[in-house]
Every structure is written in structure tokens, then in C-alpha cells.
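Residue numbers (our numbering), protein chains in the order written: chain G, 1 to 115; chain W, 116 to 227.
Worth flagging that the hints you see were computed from the coordinates, not collected in a lab. Just so it is clear, the structure is predicted and the values come from calculations on it, not from any experiment. What you were told as hints is all true, and nothing was included just to trick you.
Dumping the calculated DSSO-like pairs for lysine-lysine here, alpha-carbon to alpha-carbon at most 27 Å:
id, chain 1, residue 1, chain 2, residue 2
1, W, K157, G, K83
2, W, K226, W, K194
3, G, K9, G, K57
4, G, K14, W, K157
5, G, K70, W, K160
6, W, K157, G, K57
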Amino acid sequence: DGGITQSPKYLFRKEGQNVTLSCEQNLNHDAMYWYRQDPGQGLRLIYYSQIVNDFQKGDIAEGYSVSREKKESFPLTVTSAQKNPTAFYLCASSIPGGNGGDTQYFGPGTRLTVL
Amino acid sequence: RKEVEQDPGPFNVPEGATVAFNCTYSNSASQSFFWYRQDCRKEPKLLMSVYSSGNEDGRFTAQLNRASQYISLLIRDSKLSDSATYLCVVNLNNNAGNMLTFGGGTRLMVKP
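If we strip away everything but chain G, and leave its shape as in the complex, we get (with noise of 0.2 Å):
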């Protein structure tokens, strides 16, 4: 099936600590975008690459990561830099959609949770 995986679903970690999430799609999407949800919140932009060995940061990009070496993967690693890292982080893809507008698919998420 055709998709966007993330992994894991859940994640535990101790202050101090890296951690990397896992995003893969094999939708062919040349772009590639990480979000962060807080409770109650909106989705906002952490880092987004629209091309292979390309990423640019986004609205709150202190404190994490990314790398993105293959189309299929873009991972991102939340430092232990980041002051509030317990949310949910979600990533998404996009493909060009009509009326000057890319439409993005999401991931199923994963929620970092900072003991």
C-alpha cells in the first residue's frame, strides 16, 4: 500500500536525551515537511524539504534536526536542545494539486513524550 510511515508511535525519553523520528513515504512526493501539534494547538512548521538533500527550517526549527539523503525519508531528530519536546509530531508529503495549491498528507504521528 501506498503511504506515509511513521515510527514509533510512541516514544519515550529521558531529559537530556536525542531522539530520532522516523518518517517514510513511498507516495514518490518530492516534498517533505515535519509539524508539531501541542494540546488544543495547531500544527506548526518544524523543518520542510522540498528536494533530495534540500531542507529549509520552519517556524520553530531551535532545538531540532533533519536530514533528508533519500526521496522516501526525512528524518528528524529532536536535541536535548529542545526546551518543550513532549507533543505530538506529525510529517507529511505533498504532490501538486490544482488552483495553485499543493496538497500535503500526513503520517499517522508520533508522541514524544520527555520524562
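Position chain W against the provided structure of chain G, taking the given hints into account.
This is chain W only, laid out in the frame that chain G set:
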């Protein structure tokens, strides 16, 4: 002022009711618009795109008013399964790429 604003709700409605959500956006250069649905603790899923001429998909109707910078979603004959959070999403689609800005969502609860 937030870039995309929505009433967080919750909107509590009985089954069969018609309910409408509005969303306002601040950037007049925004080019495309969407409604996403998000169930509790799940990922957002595209409900429908919003076109300038308005569009309808079954019980759902979306409209865009560029002059007033707002988007609406109308749900007719509400079902229990419509209970979810509805996210208004705006795409600036400028030279920086396909940048979506999300509203905080409006929570809908349909009761029997």
C-alpha cells in the same frame, strides 16, 4: 493577530443539525485553502479543498470570500461520525514553496 483564526468551540449539535464554521486569514496573498479533519489523537486528513467558486462534496460545502479573507465550512444533516476537530488551512504558495499555515481547529461534537 494569528495568521489563521478559528473559533475553538466546541460546537455541540444534535444529529441531523446543520452547522457552520468560519475561519479568517490575515495574509491577502494566500493562494489556496483547505479544510482538514482531525480525529482525537490521529493525524489530520484532507476533507476538501476550497475554491473561489465554492464547492460541495455530499453534505459538506466550502466557500471562500477573498475580499473579507474568510473561509467557511457547512455540514448538513450532521452524523455522529462527523464529531472531530476541523482545521482551516491556508497555503501561501510563494517562492519559498508550499507553506501551509494551520488554524487551531474547531471542535465539533454531534450528539444523538
